[in-house]
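Chain by chain, the residues:
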Amino acid sequence: MRVDPRLLDPAAETYPEGLRDLESPPAVFVTGTMVVAPAIAVVGTRRCTRYGVDLARAFGRGLAEAGWSVVSGLARGIDAAAHWGVLDGSGHALGVVASGLDIWYPAENRPLYRGVLDGGGALVSEYPLGTPPDRWRFPARNRLIAAVASATVVVEAGETGGALITARLAAEMGRPVFVVPGDVDRAASVGCNRLIRDGAHPVLGVVDLIEELELALGPAPGVIDHEAGLLPPQGVAVEDLASYWDCSVGDALRRLGRLEASGQVRQIDGMAVPEGA
Amino acid sequence: MYAATMSVALVGGSVTPVMVEAHVGRPQEAFKLTGLPDTAVREAKDRVRAAVASAGIRFPNRTLTVNLAPADIPKGGTDYDLPIALGILAASREIPDPGGAIVAGELALDGTVRPGSSALGAGVLSARLELPCVVECTSAGQAAAVPGATVFGVRSLAEAVDLLRTGFDRARPADPTPSSDSQPLEDLVDLRGQSVARRALEVAAAGGHHLLLHGPPGGGKTMLARRLPSILPPLASDESIEVSLLWAAAGRNRDINAPPPFRAPHHTASKAALVGGGSGIPRPGEVSLAHHGVLFLDELAELPRGHLDTLRQPLEQGYVSVARKGASLQFPAAFQLVGATNPCPCGFFGDRRRPCDCRPAIRERYRSRVSGPFLDRFDLVVKVGRVSAESFDGPPGEPSERVRARVVAAREIQKERGGLNVHIQPDRLRIGGPARRLIGTALSTFTITARGADRIRRVSRTIADLDGSEVVEEPHVSEAIGLRGDWGES
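Residue numbers (the working numbering), protein chains in the order written: chain W, 1 to 277; chain G, 1 to 490.
Any given hint could be a false lead.
As the list claims (entries may be wrong) - Covered stretches of chain G, going by a simulated chain W footprint (3 or more residues, C-beta under 8 Å): (1) 192–204; (2) 405–414; (3) 425–439.
If you're looking for bench data, these hints aren't it; they were derived computationally from the structure.
Glycine residues also receive a C-beta, built at the ideal position from the N, C-alpha and C atoms.
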């Protein structure tokens with residue numbers, strides 16, 4: 001696959017914020033459009049069940065629609081389902097992979113890789129082009145997922161596996177970890193249920209997950225989107241925004257700043273104009 | 001016979017002692033003046049001779065040599081008249097040696113002392129050297145307002161002679177004058193509407209940020225700018241003295257209790273008027289008169305580009321170097337810049353009521369007259385539009401006094417941190433996670449450049465200070481982005 005990655009070292013302005021919390025933040029290769037919102041990791045086992053796949057896809061879509069970026073490993077199973085869900089919700093998908101950015105592994109997920117890049121998402125890797133997805137690289141990749149995401153959701157996990165490593169690393173970094181409970185006698189949920197027994201937060205569905213995330217991280221970033229749509233195409237004078245939105249001048253400036261930061265609104269000669277109008 | 005009197009020279013806005021040495025030689029009439037005097041000082045010979053005669057004292061008919069030391073400092077102005085006169089009289093043993101005092105003042109031919117520009121400098125030197133000083137009596141109050149100065153005011157040469165004959169310890173020093181009735185500052189209360197621009201003005205005042213106002217003529221850009229001093233904290237005593245000395249060096253009088261200076265040179269002002277210069281000994285320009293205060297440049301795009309370039313040194317370093325035939329000097333020039341500009345030559349681009357007649361190419365050229373690097377100096381850019389009819393009928397604005405209270409509190413916090421936010425190193429700031437993410441987001445969407453991100457960080461630090469917050473949080477950054485409206489997009 002032809003990709004043209006850029007190398008970001010920790011000194012770069014657009015270096016993923018969460019990675020700075022790692023003990024020694026690595027330089028990373030990036031292709032596509034980088035994070036425009038805090039990211040939530042959705043991870044799980046490759047040997048998943050229908051229950052896990054459906055749930056992961058619903059989570060991916062729900063998180064995307066709420067405005068969060070969704071991080072996953074682009075692996076078979078839960079990872080892929082979550083990112084397909086992001087594409088369903090036209091959200092931002094961030095794939096953190098254990099190979100060079102031109103090696104799209106596993107082959108069955110190539111359409112997903114393409115979809116992530118075409119949908120305005122991004123791929124991140126520590127490794128240069130051409131690096132094969134060696135088994136020993138996966139735990140290192142999981143550490144990036146745990147760091148880049150503001151919270152981690154484990155959908156299905158067996159007794160051992162990468163998802164549990166990601167969950168442990170995330171918890172060690174002080175990031176909230178949410179876990180989907182499953183049948184106590186099902187192999188694909190043993191790891192999840194143990195995490196819950198050990199004190200992880202159980203999550204009971206998409207709405208529940210979003211509420212819990214808002215409690216932990218603050219309002220979902222997508223809340224702002226609707227307000228951008230409220231500005232007429234010709235724009236509103238910055239001076240008049242407070243009365244337009246019926247809020248204080250300070251609130252209007254802050255809301256304007258957020259809309260500008262996320263690229264939804266531009267200031268042109270004293271007017272706040274929706275982007276693309 | 002020899003006597004030495006101390007006087008004062010203003011060099012680049014700071015004060016240096018000058019020794020006025022007088023020697024009275026053989027009985028043959030001659031008067032020599034040495035030590036790099038300018039024309040005004042050389043003319044002192046004639047004024048001194050007339051003034052001494054008018055005071056009823058015998059002028060020695062002998063060879064007089066007066067030397068102003070150190071010789072390498074250029075001396076100008078007329079305030080060496082009085083020390084020269086007293087020196088000559090002391091050297092010819094008419095009066096006691098005034099060696100222990102600092103003397104400055106211009107003499108009229110009738111023997112009266114005229115108010116000069118060195119009185120404040122004499123006061124500063126008096127405090128520094130712990131010596132009494134003698135100056136013209138109406139300026140004495142200002143000089144005495146310098147903490148630690150002992151000042152004696154005299155109306156005439158005769159009074160000065162009497163003072164020396166009776167001795168300083170038996171005379172009464174001048175009282176410091178309270179501030180003279182300076183004009184009250186224009187108040188923000190008269191300004192209706194413009195809530196965004198008012199907020200930008202407050203943030204600019206709190207952090208010392210340079211502010212660019214743009215918008216159609218008559219929108220109130222100048223009204224806003226003129227009200228900035230009314231929300232600035234009063235100058236500290238040493239700062240105010242520094243400013244007044246610069247004004248004195250430019251031959252102007254400034255009360256040392258006055259509010260921070262506000263200077264608004266016209267866009268046709270010469271470079272020398274702007275940054276300092278003139279023939280002979282350089283005088284401070286507008287950038288130095290605005291030291292510790294506000295320099296307001298209206299019609300920024302009308303200023304010759306060379307003028308803007310000369311502002312780079314003071315904006316970066318807080319002082320300006322001026323080289324002239326007479327001397328090469330550095331003047332302090334740490335001012336807060338407020339720029340104002342129309343959107344286009346006709347002024348009506350973007351106006352909701354009047355169409356703009358300018359062709360796009362003309363508009364583009366107008367905007368490009370202010371270079372990008374210069375625009376980068378402005379941490380805050382805000383549009384000042386026409387005030388709508390409703391706002392005119394609306395409630396009056398918040399009075400300056402209340403805004404100033406918030407500004408003063410925010411500046412106190414910065415003082416403890418070690419300096420105004422406009423000078424802060426953005427990478428040293430404590431910025432919270434969500435706030436950093438918002439900056440990262442704005443960078444990734446190309447809303448701001450890396451340089452723009454530094455401006456956002458500085459301004460959000462000031463907004464956090466106004467908010468009393470130790471850490472820069474997301475609402476501070478988002479407001480800073482909202483206050484970064486751009487000029488130059490069309």
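Okay, the hints, checked on the actual structure:
1. 192–204: Our answer is that it holds, as 6 residues pass the Cβ test (under 8 Å) against chain W, meeting three.
2. 405–414: This one is violated; 0 residues, fewer than the three required, reach chain W with a Cβ under 8 Å.
3. 425–439: Holds, because 6 residues of the stretch 425–439 of chain G bring their Cβ atoms closer than 8 Å to Cβ atoms of chain W.
Of the hints listed earlier, the one the structure fails to meet is number 2.
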